[in-house]
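The lines below spell out each chain.
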Amino acid sequence: MTSAPSEGAAARAAGAGGATGAHTAAYESRTALTGTAPREAREAILDVRDLVKHYPLTQGVVIKRQVGAVKAVDGVSFELRRGETLGIVGESGCGKSTVAKLVTSLEAPTSGSIRFKGEDVTRLSGRALKAVRRNIQMVFQDPYTSLNPRMTVGDIVGEPFDIHPEVAPKGERRRAVRELLDVVGLDPEYVNRYPHQFSGGQRQRIGIARGLALRPEIIVADEPVSALDVSVQAQVVNLMERLQDEFDLSYIFIAHDLSVVRHISDRVGVMYLGKLVETGTESEIYEHPTHPYTQALLSAVPVPDPGAEAGRARIVLEGDVPSPANPPSGCRFRTRCWKADERCAREEPPLRIPDGAGGGAGSGGEGADGPGRGTAGNAARHPSACHYAEEKARIVPD
Amino acid sequence: MTQTQAGGGPAPGPDPDGADPARLLEVRDLRVEFRTRDGVATAVDGVSFGVAAGETLAVLGESGCGKSVTAQAVMGILDSPPGHVTGGEIRFGGRDLLRMSAEGRRAVRGARMAMIFQDALSALNPVLSVGQQLGEMFQVHRGASRKEARAKAVELMERVRIPAARERAGDYPHQFSGGMRQRIMIAMALALEPELIIADEPTTALDVTVQAQVMELLAELQSEYRMGLILITHDLGVVADVADRIAVMYAGRIVETAPVGDLYRAPAHPYTRGLLDSIPRLDQKGQQLDAVKGLPPSLLRVPPGCSFHPRCPLARPVCHADEPPLYEVGQGRSSACHFWKELLDDECAE
Ligand SMILES: Nc1ncnc2c1ncn2[C@@H]1O[C@H](COP(=O)(O)OP(=O)(O)OP(=O)(O)O)[C@@H](O)[C@H]1O
Ligand SMILES: Nc1ncnc2c1ncn2[C@@H]1O[C@H](COP(=O)(O)OP(=O)(O)O)[C@@H](O)[C@H]1O
Ligand code: SF4
Ligand code: SF4
Ligand SMILES: [Mg+2]
Ligand SMILES: [Mg+2]
Numbered sequence: 001m002t003s004a005p006s007e008g009a010a011a012r013a014a015g016a017g018g019a020t021g022a023h024t025a026a027y028e029s030r031t032a033l034t035g036t037a038p039r040e041a042r043e044a045i046l047d048v049r050d051l052v053k054h055y056p057l058t059q060g061v062v063i064k065r066q067v068g069a070v071k072a073v074d075g076v077s078f079e080l081r082r083g084e085t086l087g088i089v090g091e092s093g094c095g096k097s098t099v100a101k102l103v104t105s106l107e108a109p110t111s112g113s114i115r116f117k118g119e120d121v122t123r124l125s126g127r128a129l130k131a132v133r134r135n136i137q138m139v140f141q142d143p144y145t146s147l148n149p150r151m152t153v154g155d156i157v158g159e160p161f162d163i164h165p166e167v168a169p170k171g172e173r174r175r176a177v178r179e180l181l182d183v184v185g186l187d188p189e190y191v192n193r194y195p196h197q198f199s200g201g202q203r204q205r206i207g208i209a210r211g212l213a214l215r216p217e218i219i220v221a222d223e224p225v226s227a228l229d230v231s232v233q234a235q236v237v238n239l240m241e242r243l244q245d246e247f248d249l250s251y252i253f254i255a256h257d258l259s260v261v262r263h264i265s266d267r268v269g270v271m272y273l274g275k276l277v278e279t280g281t282e283s284e285i286y287e288h289p290t291h292p293y294t295q296a297l298l299s300a301v302p303v304p305d306p307g308a309e310a311g312r313a314r315i316v317l318e319g320d321v322p323s324p325a326n327p328p329s330g331c332r333f334r335t336r337c338w339k340a341d342e343r344c345a346r347e348e349p350p351l352r353i354p355d356g357a358g359g360g361a362g363s364g365g366e367g368a369d370g371p372g373r374g375t376a377g378n379a380a381r382h383p384s385a386c387h388y389a390e391e392k393a394r395i396v397p398d
Numbered sequence: 001m002t003q004t005q006a007g008g009g010p011a012p013g014p015d016p017d018g019a020d021p022a023r024l025l026e027v028r029d030l031r032v033e034f035r036t037r038d039g040v041a042t043a044v045d046g047v048s049f050g051v052a053a054g055e056t057l058a059v060l061g062e063s064g065c066g067k068s069v070t071a072q073a074v075m076g077i078l079d080s081p082p083g084h085v086t087g088g089e090i091r092f093g094g095r096d097l098l099r100m101s102a103e104g105r106r107a108v109r110g111a112r113m114a115m116i117f118q119d120a121l122s123a124l125n126p127v128l129s130v131g132q133q134l135g136e137m138f139q140v141h142r143g144a145s146r147k148e149a150r151a152k153a154v155e156l157m158e159r160v161r162i163p164a165a166r167e168r169a170g171d172y173p174h175q176f177s178g179g180m181r182q183r184i185m186i187a188m189a190l191a192l193e194p195e196l197i198i199a200d201e202p203t204t205a206l207d208v209t210v211q212a213q214v215m216e217l218l219a220e221l222q223s224e225y226r227m228g229l230i231l232i233t234h235d236l237g238v239v240a241d242v243a244d245r246i247a248v249m250y251a252g253r254i255v256e257t258a259p260v261g262d263l264y265r266a267p268a269h270p271y272t273r274g275l276l277d278s279i280p281r282l283d284q285k286g287q288q289l290d291a292v293k294g295l296p297p298s299l300l301r302v303p304p305g306c307s308f309h310p311r312c313p314l315a316r317p318v319c320h321a322d323e324p325p326l327y328e329v330g331q332g333r334s335s336a337c338h339f340w341k342e343l344l345d346d347e348c349a350e
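Protein sequence lines correspond, in order, to chains A and B. Heads up, the first sequence stops at 398 in our numbering, and the numbers go up one at a time, no gaps. Heads up, the second sequence stops at 350 in our numbering, and the numbers go up one at a time, no gaps.
No lab work stands behind these hints: they were computed from the structure. Treat the hints loosely; a few may be bogus.
Just the calculated beta-carbon pair ranges, DEER-fashion [claimed, not checked]:
(1) B:E103 x A:R150: 43 to 51 Å
(2) B:Y172 x A:T58: 20 to 28 Å
(3) A:K339 x B:H141: 44 to 52 Å
(4) A:N326 x B:H141: 40 to 48 Å
(5) B:E347 x A:S329: 50 to 58 Å
(6) B:R166 x A:S329: 24 to 32 Å
(7) A:S125 x B:L121: 47 to 55 Å
(8) A:S125 x B:Q175: 48 to 56 Å
(9) A:V52 x B:Q175: 25 to 33 Å
For lysine to any residue, the following SDA-like pairs were computed, each having C-alpha atoms within a straight-line distance of at most 25 Å [said to hold, decoys possible]:
(10) B:K341 x A:D305
(11) B:K285 x A:E391
(12) A:K392 x A:W338
(13) A:K101 x A:N135
(14) B:K341 x A:P306
(15) B:K285 x A:E241
(16) B:K285 x A:Q244
(17) B:K285 x A:A227
(18) B:K285 x A:D257
(19) B:K285 x A:R312
(20) A:K392 x B:K285
(21) B:K285 x A:G307
(22) B:K285 x A:E390
(23) A:K339 x B:E216
(24) A:K392 x B:Q284
(25) B:K285 x A:R242
(26) B:K285 x A:S283
(27) B:K285 x A:D305
(28) A:K339 x B:R161
(29) B:K285 x A:S226
(30) B:K285 x A:D266
(31) A:K392 x B:D241
(32) A:K130 x A:S105
(33) B:K285 x A:E223
(34) B:K285 x A:A308
(35) B:K285 x A:R82
(36) B:K285 x A:A313
(37) B:K285 x A:I315
(38) B:K285 x A:H256
(39) B:K285 x A:Q141
(40) A:K392 x B:G332
Idealized CB from N, CA, C, for every residue including glycine.
Sequences are here, hints too, so could you generate the full structure?
See below:
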């Protein structure tokens, strides 16, 4: 039944670590150009402001009347810097995939701006839009359904060249495709096989090869490893990290697995019902979360260490996420928040650095492992959309 | 839990899970084959394990290694043909289920052992309200009247914390969220207070927050009813929290069994160690992940010798030729690796 191609390729790829083989000039690394400037110091390659996507809810068959809207994304702002990974986490239905579709111009936003190197993508059309799209590519979640079963691997990986022949002229294409397969650790001899002949992890590699074809600067990966077994998931995560260093890619990495996101991300945004509720560096979010929702999410993650659970604060959230068509007034999290009071129902908390969160304005903490836990040190000085944002002890076990 | 005498060195002997008549479920040398056009796939190849009342056994492994087929064979719901149990014993409460009549097994299933599936939506009947489905259990197995059955159904829904249970009993499965559906399936499995529950990836499709709710509920109900629980999962995090013992499967076999603490502290099989090293940790910003290389084999073509050898970082020539038996490696622990001792010494030294 499982007639996946031999162990060979997967095994080769698993050895990820260093550079695979010799890539030709076409896929030469870009790191040379940017050098090794620390990621925090690099320029923002993407700047997303007040992004909104409402899907109209209609009634009536002949004459459609709009009776409301699903507020899938409702005012989201973030920056992505060159060469960094921004992780986005949140429960099912909170709008992660919608953000991905907007950023990659697969859908048009209701309002808001998406600036790629200063230029607002949402205002572009025709050739200018095409040029930007080339630079922002998507890798999808489900390796089982996102690849056309009737196309060969070679056709799938090379398809983007149909739209952008300038990247690989006709005569070059075959070679370019084989090179791409090699880059992601697949045997170039597989070009004529079909997706069903590959395992889940190999299909995900095919999706990544396709995403790399146009040499984009940004890759938006929507749950790229969620459907994979842990061993294969680790192989794909290692591959993505290697490619990032090699090509100086910037990633938006969407997942609901908080451990994977911590592993791969430099900065993290936590979404709830169409909004970002907390953003910060990986250590600010995981070691010093101040938003009750982030704290609850982190406390729910089981840790593969039987000893670690003892003494760990567990917050089990009651109830389900409300409908994005009819979000609660004020703070959207208030229906599940143990700290909610009447102010939360009245006033929507903005996403900003909480008042009185440690250090003076000038002290500009380096984040990282600031002062001890429990005290609102510099590490708590990152944006959080809660009226009563504060740290809580021992969410993630030591 | 187990009746193993420690010591005795690396004797390739009876597995340390050895027969214990006092245990609720005793599976011995179970074999299941699938006869397909491409050949015979041995999905379960001589698997032995046991579960005591009130105990949780977790079964871990990558997809396709035979976890679900093992569960289906125990429940007697194997897809047959093409699946066939070709050997072994499944003793439940002292009787071998494989020698029981179809009718006898049906009576056991549902009433004395029940299963929770990964995908609640396809396991529940879409055209019956959840109240009807829950109530039916009492009508069929306990001869309850419709009215009594309905009352029981609502009570169960409350037990698994479905808000406004009375009003929602008339709703259909698709009208509930994923987490609620999973809780309804738990309610269904619990309805007749079975002695054994098999949960096959019960939270895999759920968000962490909902997963936490469901696992907490399951653990609470288990200790209340003192049920035996077999928890099948590939999530090493979930297991650490709730299991007493773990069995790790690879290519149709159990390659390691151990009490949960021992397994995480010092795995005695390279495959287990590889799985543990593959997972990113919430509490650590790790470096490169130590992925197990390659893929599990097709069960139509399991490699000779140790079936893990093509992926094993410790493989040596003997591994290509000789299949390791399940060695007893400590109190209640076993490992199917020729070099288990080196592995454990190595870990102790660290
Ligand atoms: N085309 C559409 N029309 C109407 N509603 C939509 C559409 N696409 C998405 N939605 C709704 O928008 C909300 C956000 O959906 P989205 O797919 O972005 O969630 P997500 O965070 O990616 O969730 P998951 O983790 O399950 O993938 C959901 O309520 C969804 O039902
Ligand atoms: N109905 C079936 N027909 C043929 N092969 C099957 C069938 N069900 C399972 N198998 C095979 O049995 C093996 C073990 O499957 P399974 O127990 O479902 O794995 P998992 O450990 O992921 O639960 C797999 O190789 C699978 O392809
Ligand atoms: S604003 Fe209020 S309801 Fe919202 S997260 Fe903060 S305390 Fe909870
Ligand atoms: S027997 Fe050999 S190949 Fe198998 S797990 Fe042990 S060392 Fe690896
Ligand atoms: Mg999504
Ligand atoms: Mg399964």
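Hint check:
Our hint of 43 to 51 Å for E103 of chain B and R150 of chain A holds, since their Cβ atoms are close to 48 Å apart. At about 24 Å, the CB distance of Y172 of chain B to T58 of chain A agrees with the hint of 20 to 28 Å. Between K339 of chain A and H141 of chain B the Cβ separation comes to about 46 Å, which falls inside the hinted range of 44 to 52 Å. Evaluation of the 40 to 48 Å hint for N326 of chain A and H141 of chain B yields a pass: the beta carbon distance comes to about 41 Å.
Checked against the given bound of 50 to 58 Å, the beta carbons of E347 of chain B and S329 of chain A, roughly 55 Å apart, stay inside it. Checking the proposed 24 to 32 Å range against R166 of chain B and S329 of chain A shows it holds: the Cβ atoms sit about 28 Å from each other. Take S125 of chain A and L121 of chain B: their Cβ atoms lie about 41 Å apart, and the range 47 to 55 Å is violated. A C-beta distance of roughly 42 Å is found between S125 of chain A and Q175 of chain B, which places it outside the suggested range of 48 to 56 Å.
Hint check: V52 of chain A to Q175 of chain B, Cβ distance near 29 Å, so the stated range 25 to 33 Å holds. Of the supplied pair hints, the one linking K341 of chain B and D305 of chain A holds, its CA atoms being roughly 22 Å apart against a limit of 25 Å. For the hint linking K285 of chain B to E391 of chain A, the alpha-carbon distance of about 20 Å falls within 25 Å, and the restraint holds. For the hint linking K392 of chain A to W338 of chain A, the alpha-carbon distance of about 13 Å falls within 25 Å, and the restraint holds.
A threshold of 25 Å between alpha carbons decides the hint, and for K101 of chain A with N135 of chain A the separation of about 14 Å falls inside it, so the pair holds. With a CA separation close to 23 Å, the supplied pair K341 of chain B and P306 of chain A stays within the 25 Å bound. Taking the CA atoms of K285 of chain B and E241 of chain A, the gap is near 14 Å; set against the 25 Å cutoff, the hint holds. A hinted pair counts as satisfied when its Cα atoms are at most 25 Å apart, and K285 of chain B with Q244 of chain A qualifies at roughly 17 Å.
Between the alpha carbons of K285 of chain B and A227 of chain A the distance comes to roughly 22 Å, so the proposed pair stays at or under 25 Å and holds. A C-alpha spacing of about 14 Å is found between K285 of chain B and D257 of chain A, which places the hinted pair at or below 25 Å, so the restraint holds. Taking the CA atoms of K285 of chain B and R312 of chain A, the gap is about 19 Å. The hint holds against a cut of 25 Å. For the suggested pair K392 of chain A and K285 of chain B, the alpha carbons sit about 20 Å apart, so the restraint of at most 25 Å is met.
Our distance criterion of 25 Å between C-alpha atoms is met by K285 of chain B and G307 of chain A, whose separation comes to about 19 Å. Taken as a hint, the K285 of chain B and E390 of chain A pair is honoured in the structure, with Cα atoms around 23 Å apart against an allowance of 25 Å. Using a Cα cut-off of 25 Å, the hinted pair K339 of chain A and E216 of chain B holds, with the two alpha carbons roughly 22 Å apart. For the hint pairing K392 of chain A with Q284 of chain B, the CA-to-CA distance comes to about 18 Å; that is within 25 Å, so the pair holds.
This hinted pair checks out: K285 of chain B and R242 of chain A have alpha carbons roughly 17 Å apart, not beyond 25 Å. Distance hint between K285 of chain B and S283 of chain A is fulfilled; the C-alpha atoms sit about 8 Å from each other, no more than 25 Å. Between K285 of chain B and D305 of chain A the alpha-carbon distance is near 16 Å, which keeps this suggested pair within the 25 Å criterion. Under the criterion of a C-alpha separation no larger than 25 Å, the hint pairing K339 of chain A with R161 of chain B is consistent with the structure, at around 22 Å.
Taken as a hint, the K285 of chain B and S226 of chain A pair is honoured in the structure, with Cα atoms around 19 Å apart against an allowance of 25 Å. Restraint check for K285 of chain B and D266 of chain A: the C-alpha separation of about 10 Å stays at or below 25 Å, so the hint holds. Restraint check for K392 of chain A and D241 of chain B: satisfied, since their Cα atoms lie roughly 22 Å apart, inside the 25 Å limit. The suggested pairing of K130 of chain A with S105 of chain A holds, with an alpha-carbon distance near 10 Å, which does not exceed 25 Å.
Only pairs whose Cα atoms come within 25 Å are accepted, and K285 of chain B paired with E223 of chain A is accepted, the gap being roughly 19 Å. Taking the CA atoms of K285 of chain B and A308 of chain A, the gap is about 16 Å. The hint holds against a cut of 25 Å. Note on K285 of chain B and R82 of chain A: the hinted pairing holds, with a Cα-Cα distance of about 21 Å set against a maximum of 25 Å. Pair hint K285 of chain B plus A313 of chain A holds up; C-alpha atoms about 20 Å apart against a cutoff of 25 Å.
Taking the CA atoms of K285 of chain B and I315 of chain A, the gap is about 23 Å. The hint holds against a cut of 25 Å. Restraint check for K285 of chain B and H256 of chain A: satisfied, since their Cα atoms lie roughly 17 Å apart, inside the 25 Å limit. The suggested pairing of K285 of chain B with Q141 of chain A holds, with an alpha-carbon distance near 24 Å, which does not exceed 25 Å. Taken as a hint, the K392 of chain A and G332 of chain B pair is broken in the structure, with Cα atoms around 39 Å apart against an allowance of 25 Å.
The structure fails to meet hints 7, 8 and 40 from the earlier list, while all remaining hints are met.
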